[in-house]
Amino acid sequence: MDAIPSPPALSPRHTGFQLLPRQGECVINASSPPAVELHGITKRFPGVVANKDIAITVRKGTVHALIGENGAGKSTLMKILYGMQKPDEGTIAIDGEQVSFNNPGDAIARGIGMVHQHFMLADNLTVLENVVLGGEKLYGIGAKARKKIVEISDAYGLGVRPDALVEDLGVADRQRVEILKVLYRGARTLILDEPTAVLVPQEVDALFDNLRELKAEGLTVIFISHKLGEVLKVADDITVIRRGTTVGTADPKTATTKQLAELMVGSELPSPETRESTVTDVPMLKVSDLRLAATDPDGVVREVLAGIDFTIHKGEVLGIAGVEGNGQTELIEALMGMALPDGGTITLDGKDISATPTRKRREGGIGYIPEDRHRHGLLLESPLWENRILGHVTERPNSKRGILDPKAARKDTERIVREYDVRTPGIDVTAASLSGGNQQKLIVGREMSHDPKFLIAAHPTRGVDVGAQAQIWDAIREARREGLAVLLISADLDELIGLSDTLRVIYRGRLVADADPATITPEELGTAMTGAARGHLEATDNPSAAADGDTTEDEAR
Amino acid sequence: MKKFDKDRLLLAAAGPALALVSAFVLTMIVLAASGVAPIDPLRIMVEQAGYEDVQVLILNQAGIYYLAALAVAIGFRMNLFNIGVDGQYRLAAMISAVVGAAVTLPGPLHILMIVAVAMLTGAFWAGIAGILKAKRGVSEVVSTIMLNAIATALIAWLLLPKNLGVQVEGSNDLTTGKIAESGWFPALTIGDGLEIYGFTFVAFALGIVYWFVLNRTRFGFDLRATGASESAAQASGVDAKKMIMTSMLLSGAVAGLTGMPLLLGESHTYNLSFPLGIGFTGITIALLGRNHPVGIFFSALLIAFIDKASAGLDTAGYAKEIGTIMQGLIVIAVVVSYELVRRYGIRRQQQKVGEELAAGHAIKTDKEVAA
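Protein chains in written order, with the numbering used here: chain A, 1 to 557; chain B, 1 to 371.
Check the hints yourself; a few may be wrong.
[To be verified] Chain A residues, not near chain B, derived (Cβ > 12 Å throughout):
1. G111
2. P162
3. L165
4. D289
5. A294
6. R373
7. E482
[Claimed, not checked] Simulated pairs of lysine-lysine, PhoX-like, Cα-Cα distance not exceeding 20 Å:
8. K241(B) x K360(A)
9. K242(B) x K360(A)
10. K407(A) x K6(B)
11. K147(A) x K137(A)
12. K253(A) x K286(A)
13. K60(A) x K258(A)
14. K314(A) x K453(A)
15. K178(B) x K162(B)
16. K233(A) x K258(A)
Keep in mind the hints are simulated off the structure, nothing from the lab.
Note that the Cβ used here is the ideal one computed from N, Cα and C, for glycine as well.
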């Protein structure tokens, strides 16, 4: 309860940080040219700007961390640096010399190497074979190559055995093979894309030792991550990317995870705040003691949801905060009927729907904005008007008595396009040809068109441009005023705090804490998301009636 | 908006056109490489198609192929690969022939019963693969291939005289006995005793039903959605297991009809020389016809033409296997060219949409805020 010291009274989250001086620059001017210097990098995809005016300076012999939320544009930027994509504008300089990469081969020739998040190794080959594969011209495939591999392995303390079969290696060892592969090809600058995502803490420490080793030998490492604690541990410099552009640099010696989180999440966004409460006391969705177990690939049965209890009233937005992978996906699937829970009940508008199939739930008034719109919300290669039917094929205007009504569906698609500002030349283009924001607006429009009683909004504005974001928020607020109950799941803490009437924190499949969005700060919420704080997150009075009752249950647990 | 419609039509035609042209060129190369003058065999084949009797043969064969291809296409539309059409239609033809020979009913009823038995048998055989997939996750590709082999063995066993078979007097052929004339489907007679199987027209009519069910019913939408994206379909409320079962049963039922034109129109019995392998040809035809009823119609005609017209090559001193080679090359060309055209189409449309939007040709929306 008291995990958060002295809750600040007034919106402190907008004052908590300033841009730190770009401390890299002065050093560079004094000594050798920077290993990598990106300037004014801009990359547009149809309808979306993935990178905008990015500037990064990476000093030689350092570990430079690049942090940002999912979809902030880190990956696109690294693809540009690795020659997989060409920037529309901007310059890349390696060792002070301006370069232009047409493919990864060019980047490798310039000493840039990339270790992908998903390993690219052939399991049934040995380490030696994997390393020389595609690089046969460098040192042959025999004794010379083996010698070189051992040499590199020893020099950086990688501990790689050239004759081990890759399929026998663990994840950490495979990662070291990937690093060695890159070094073998002569890389002087290594890009590591989320290298710690697959590692356990001890392995992370070992990896960091390797990175320090590399650094000591004068190599440069660009480290992409969104795990802030790790970044502070290993990085010499930090650059923060938000919404496709560099928003600041930080010094890991002085910066805190809170400051970094603020920089990542940002505060200059259009505010999602909805302060005037529309919460009624009519319960719309009631979930009690929901449990779900899953078997992971190793055959271990794990509880992914346990003792989930909450009520969402008409006109209420319940926000669920949590680090991804703590049960949010499973909660949505259980509510949608895509996964059958092992226990507990779900009641929608007074009716028990615990065993109701997905379609009946949708017909019964559940709207669904999925977290992965490409997998769950759209038929990418079908035209927009067919996508408008998806999920509501049994409802008007899409069909009558089992027979589709394409004419009415098309007409209604045109209405959605108009009302929700979906930017498209027509409704016969495929969903894949729209930008992410416009796809999302189509989905929001579709779900809102069937007068849902209860809306599941999972990351409703993820990967969406700022303009579309404001419109999506508007749509949710509008429906909330008319009595819609909303379950909001988001990684954007500002969005969560701004839109929600009630906040709950999910951690390892349990709702461990709740908070009042009127007083909570993103930092406090962030702390609770790591499982560090439980129970009610505020010592002050709780003005929101909706959270009452639930609080005590959580504390008891 | 019109522009995109026209585009799509052009792209839809581009795939088959590219496939056929490249298959044609490849055939030329193969023929030339094997020391045969490439043009002459093709000239003979085209000439063959000029004769009325060959035309009737082609049309009858096309009807049979059409049914097999429809059965395959139903599976394809929801990402199920029913390789088992071959076993399904043979078993269905055999069982329905047995039942048809055993009973005598007034005309239309007799025919209806034979057809119903055939559909049920086909559905049953395909349903085994459906259950295995829905309940146990067994790949339908593997199970249907194995069911084909089992069907072959089962038919051979059932055809033994000690079981259901009848030994024909003075021959080593085994049959299921003759179906009474009330169970013969009336044919369309043209000219000198040339007959087009009546069931051929049923086959083509079924194409219309297929189109309607897939494109105009909720069920068809669910089926197509599942084929386009299983995860999205599931989120939209499609019960994946039920969908697997239903489409497998439907596919099997249509597969069961494949033997009907021949059984009801000509052979009136199932015997050792009942054609096999039509199910596999059906896969080629469904692929070439892009699972579209009109596309399948033309591909069925084309493949039937290659089949029947190449039979005349023997007498001219060429190997009639040239036809088989052509069919094989068409399959390869289809797979490659369709994927190429598909990717090109997606890229092109994304580009065009980008251009159109940049040029300000978006549909007028209520909120003209920057998006």
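Results for each hint:
1. G111: holds, 32 Å
2. P162: holds, 38 Å
3. L165: holds, 28 Å
4. D289: Given a closest Cβ separation of 25 Å, the condition holds.
5. A294: Per Cβ check, A294(A) is outside 12 Å of chain B; nearest 17 Å; holds.
6. R373: violated, 9 Å
7. E482: holds, 18 Å
8. K241(B) x K360(A): holds, 16 Å
9. K242(B) x K360(A): holds, 15 Å
10. K407(A) x K6(B): Judged against 20 Å, a Cα distance of about 19 Å means the pair holds.
11. K147(A) x K137(A): Status holds; Cα separation ~15 Å.
12. K253(A) x K286(A): Distance of about 47 Å is beyond 20 Å: violated.
13. K60(A) x K258(A): At roughly 28 Å apart (the allowed maximum being 20 Å), K258(A) and K60(A) break the hint.
14. K314(A) x K453(A): holds, 8 Å
15. K178(B) x K162(B): Given pair K178(B), K162(B) holds - Cα atoms ~17 Å apart, limit 20 Å.
16. K233(A) x K258(A): holds, 14 Å
The structure fails hints 6, 12 and 13 (numbered hints given earlier, in ascending order).
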